[in-house]
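Colleague: Taken in sequence, the protein lines are chains Y and Z.
Its first residue numbered 1, the first sequence is counted upward by one per residue in the numbering used here.
Its first residue numbered 346, the second sequence is counted upward by one per residue in the numbering used here.
Treat the hints loosely; a few may be bogus.
[Said to hold, decoys possible] Below 25 Å or equal to it, Euclidean Cα-Cα: the simulated SDA-like pairs (lysine to any residue) are: (1) LYS468/Z with LYS308/Y; (2) LYS449/Z with ASN152/Y; (3) LYS449/Z with LYS308/Y; (4) LYS449/Z with ILE307/Y; (5) LYS386/Z with ILE307/Y; (6) LYS308/Y with PHE385/Z.
[Said to hold, decoys possible] Chain Z regions said to be covered by chain Y (calculated; three or more residues, Cβ under 8 Å): (7) 405-412; (8) 415-426; (9) 644-650.
Worth flagging that the hints you see were computed from the coordinates, not collected in a lab.
Just so you know, even glycine gets a beta-carbon here, dropped at the ideal spot from N, CA and C.
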Amino acid sequence: MRMGWADTVVLLLKLRAVLVLIVLLILFSALTPSFLTANNLSILAKHVAISALLAVGMTFVVLAGGIDLSVGSIAGLSGMVAGGLLTVGLFGHSTGVVAAVLIALLVSGFVGLLNGVMVTQFGVAPFIATLGTLYIARGAALLLSHGATFPNLAGTATKSTGFASIGQSFFLGVPTPVWMMAVVGAIAAVVSLRTPFGRHVYAVGGNERAARLSGIRVEQIKVITYVFSGVCAGLVGIVIASQLESAHPATGESFELNAIAAVVLGGTSLMGGRGSVGGSLIGAFVIGVLADGLVMMGVSEFWQIVIKGVVIVLAVTVDQLQLRLQSRLMPALLRSRASLGKVTI
Amino acid sequence: MRLAWAVTLGCVLALLASCHARDVRPLVVVLVPSQDNPFFKAEADAAARRATELGYRVRVDAHDDDAYRQDNLIDAAIASNAAILILDNAGTDASVSAVRRAAKAGIRCFLIDRAINATGLAKAQIQSDNDQGARLVAAEFVRAVGGKGEYVELLGRESDTNAQVRTTGFHAVLDGVPGLKMASAQSANWSQAEAFSKTETMLQAHAQIAGIIAGNDTMALGAAAAVKGAGLKGIKIVGFDGSPDAVAAIKTGEMQATALQPAVLIARLAVDEADQLMKTGKTDKPEIQVIPCELVTRANAAEYEGFEHIVKPK
Numbered sequence: 001m002r003m004g005w006a007d008t009v010v011l012l013l014k015l016r017a018v019l020v021l022i023v024l025l026i027l028f029s030a031l032t033p034s035f036l037t038a039n040n041l042s043i044l045a046k047h048v049a050i051s052a053l054l055a056v057g058m059t060f061v062v063l064a065g066g067i068d069l070s071v072g073s074i075a076g077l078s079g080m081v082a083g084g085l086l087t088v089g090l091f092g093h094s095t096g097v098v099a100a101v102l103i104a105l106l107v108s109g110f111v112g113l114l115n116g117v118m119v120t121q122f123g124v125a126p127f128i129a130t131l132g133t134l135y136i137a138r139g140a141a142l143l144l145s146h147g148a149t150f151p152n153l154a155g156t157a158t159k160s161t162g163f164a165s166i167g168q169s170f171f172l173g174v175p176t177p178v179w180m181m182a183v184v185g186a187i188a189a190v191v192s193l194r195t196p197f198g199r200h201v202y203a204v205g206g207n208e209r210a211a212r213l214s215g216i217r218v219e220q221i222k223v224i225t226y227v228f229s230g231v232c233a234g235l236v237g238i239v240i241a242s243q244l245e246s247a248h249p250a251t252g253e254s255f256e257l258n259a260i261a262a263v264v265l266g267g268t269s270l271m272g273g274r275g276s277v278g279g280s281l282i283g284a285f286v287i288g289v290l291a292d293g294l295v296m297m298g299v300s301e302f303w304q305i306v307i308k309g310v311v312i313v314l315a316v317t318v319d320q321l322q323l324r325l326q327s328r329l330m331p332a333l334l335r336s337r338a339s340l341g342k343v344t345i
Numbered sequence: 346m347r348l349a350w351a352v353t354l355g356c357v358l359a360l361l362a363s364c365h366a367r368d369v370r371p372l373v374v375v376l377v378p379s380q381d382n383p384f385f386k387a388e389a390d391a392a393a394r395r396a397t398e399l400g401y402r403v404r405v406d407a408h409d410d411d412a413y414r415q416d417n418l419i420d421a422a423i424a425s426n427a428a429i430l431i432l433d434n435a436g437t438d439a440s441v442s443a444v445r446r447a448a449k450a451g452i453r454c455f456l457i458d459r460a461i462n463a464t465g466l467a468k469a470q471i472q473s474d475n476d477q478g479a480r481l482v483a484a485e486f487v488r489a490v491g492g493k494g495e496y497v498e499l500l501g502r503e504s505d506t507n508a509q510v511r512t513t514g515f516h517a518v519l520d521g522v523p524g525l526k527m528a529s530a531q532s533a534n535w536s537q538a539e540a541f542s543k544t545e546t547m548l549q550a551h552a553q554i555a556g557i558i559a560g561n562d563t564m565a566l567g568a569a570a571a572v573k574g575a576g577l578k579g580i581k582i583v584g585f586d587g588s589p590d591a592v593a594a595i596k597t598g599e600m601q602a603t604a605l606q607p608a609v610l611i612a613r614l615a616v617d618e619a620d621q622l623m624k625t626g627k628t629d630k631p632e633i634q635v636i637p638c639e640l641v642t643r644a645n646a647a648e649y650e651g652f653e654h655i656v657k658p659k
């Protein structure tokens with residue numbers, strides 16, 4: 001089976017995030033001797049897991065035509081809820097780790113539900129609704145401790161709570177957060193491509209009116225995407241609190257921007273309806289590799305910020321280029337596909 | 346054609362790699378809260394300069410007071426096989442696990458400016474003496490206002506340990522002076538803009554005050570601007586930190602005094618002790634070290650520059 005030249009061009013553009021990732025990996029391996037070591041790659045994956053988990057949740061929201069600016073604050077709130085339950089406790093009784101984690105995730109999901117209800121029932125634009133919860137969740141996190149940190153979440157030397165193992169332990173030599181990323185990512189990818197719900201998300205984002213007319217429950221779909229994004233963010237908050245063995249109310253500031261950047265880098269359109277979970281995971285890896293690689297090279301902090309911005313802008317530019325090229329190459333694409341006996345776009 | 350490209354790329358990368366591999370000097374990683382704040386920049390630059398002088402490879406990064414970002418940067422230091430970490434940390438409690446991980450990975454950790462809530466992990470924790478500095482500057486404040494009248498206090502962020510230590514130090518001195526009365530106390534969260542607007546408001550109610558005592562120089566400068574804007578004269582303002590802006594304001598008389606936190610000295614001490622540890626296997630200093638602050642007034646303001654006491658040749 002031979003592909004036409006047009007297919008090759010389009011395929012290369014589609015794989016651009018992977019290509020960028022490969023180039024970055026080669027570049028950093030050559031420039032920094034300790035970059036390509038098992039130890040560093042494991043640390044790197046652990047860092048990527050944080051923005052990847054946020055990005056996976058964000059992908060569904062964006063695919064359905066929304067945006068979630070509150071994920072960073074939800075992560076902060078979730079860590080504080082878990083931290084508060086473990087140290088201060090509920091009504092004077094310290095809860096166990098499992099209960100603390102579940103309640104924190106529940107609270108995160110509730111904030112997501114709030115986002116969804118505001119967007120669907122009250123017609124608030126997603127940008128504004130989630131901007132509001134960004135402040136509400138951050139304020140709530142600060143209120144929980146009056147701005148202070150909940151310390152010693154790992155317990156004392158004699159009596160460990162086991163909370164620290166959520167973010168710090170390893171399974172088969174791979175950090176637990178990386179497993180979480182893999183599992184959540186795999187489930188999300190399958191759900192988005194192979195289930196009616198997943199296809200409905202694409203339909204809602206692609207053309208909301210058409211989706212509604214064809215009987216899809218648009219409101220329900222949207223609410224679910226926000227709740228899922230909230231729960232993903234809550235998971236991130238717990239992982240970070242576990243890694244630091246303490247919960248600080250400012251945790252997660254500007255995480256939403258990293259998550260959106262990863263989603264966009266992965267080729268998901270902010271207009272909704274186009275993109276994939278896999279793309280967002282690759283996007284998260286690009287951002288993570290870039291961040292850690294530049295730090296290890298000793299590039300100045302200020303340049304790191306500039307370079308990150310340039311990469312994001314370039315990614316979106318190429319995204320637009322791909323769309324335009326694809327439509328211009330459409331005749332050639334159709335010809336080559338017709339010759340193979342299948343016409344799908 | 347494609348082969349040619351691949352060969353060229355390979356050569357370039359090999360060349361870059363060989364350049365890099367030749368630098369085998371031990372690595373010193375300096376982590377500070379930010380590089381766009383003069384205090385942290387001064388300590389980062391001082392540590393970096395000293396370490397370079399002593400023959401180390403240096404990397405400087407900022408964690409923006411974000412414990413999670415600090416965690417990632419310390420991971421990167423571990424992955425780069427750093428020999429020494431000079432850290433101005435992102436939180437007494439939130440930094441403990443990261444420092445423990447670095448110490449376990451064999452990095453010699455030296456904490457500067459802020460301590461952590463654990464001992465036995467870092468080789469040294471070197472801080473300036475906030476309590477002694479607060480008492481020093483409060484005593485100068487009492488002298489400047491002549492020991493009587495009303496004053497206003499501007500406090501730092503209330504969740505911050507240093508804000509508490511400083512206000513306690515102030516009051517240890519001020520409350521013992523019978524002629525002095527506190528008219529009002531407000532938190533301005535270390536911020537210049539907030540200190541400006543809060544002082545403006547307080548001056549409406551208490552225009553007769555003799556002085557303003559602030560928990561840091563940034564707030565003192567905000568207060569000075571508000572006093573100037575209100576057209577009031579003779580209100581004595583003191584701050585804390587010894588920032589270059591405050592030293593300049595002391596020279597012009599807009600501020601009365603400040604307590605210099607010897608940031609540059611502390612950064613240098615940390616690098617020197619780390620170097621000693623590298624070369625001899627031990628330091629002869631205790632883990633917790635407290636360095637006294639110095640009083641800066643108009644009389645000696647010319648001797649201070651960039652958080653450092655410059656000894657002038659006679």
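Colleague: Does each hint hold? Answer for all of them.
Modeller: Right, here's what the structure says about each hint:
no. : hint                   : verdict
1   : LYS468/Z with LYS308/Y : violated (35 Å)
2   : LYS449/Z with ASN152/Y : holds (18 Å)
3   : LYS449/Z with LYS308/Y : violated (32 Å)
4   : LYS449/Z with ILE307/Y : violated (33 Å)
5   : LYS386/Z with ILE307/Y : holds (22 Å)
6   : LYS308/Y with PHE385/Z : holds (24 Å)
7   : 405-412                : holds (count 6)
8   : 415-426                : holds (count 9)
9   : 644-650                : violated (count 0)
This entry does not satisfy hints 1, 3, 4 and 9, going by the numbered hints stated previously.
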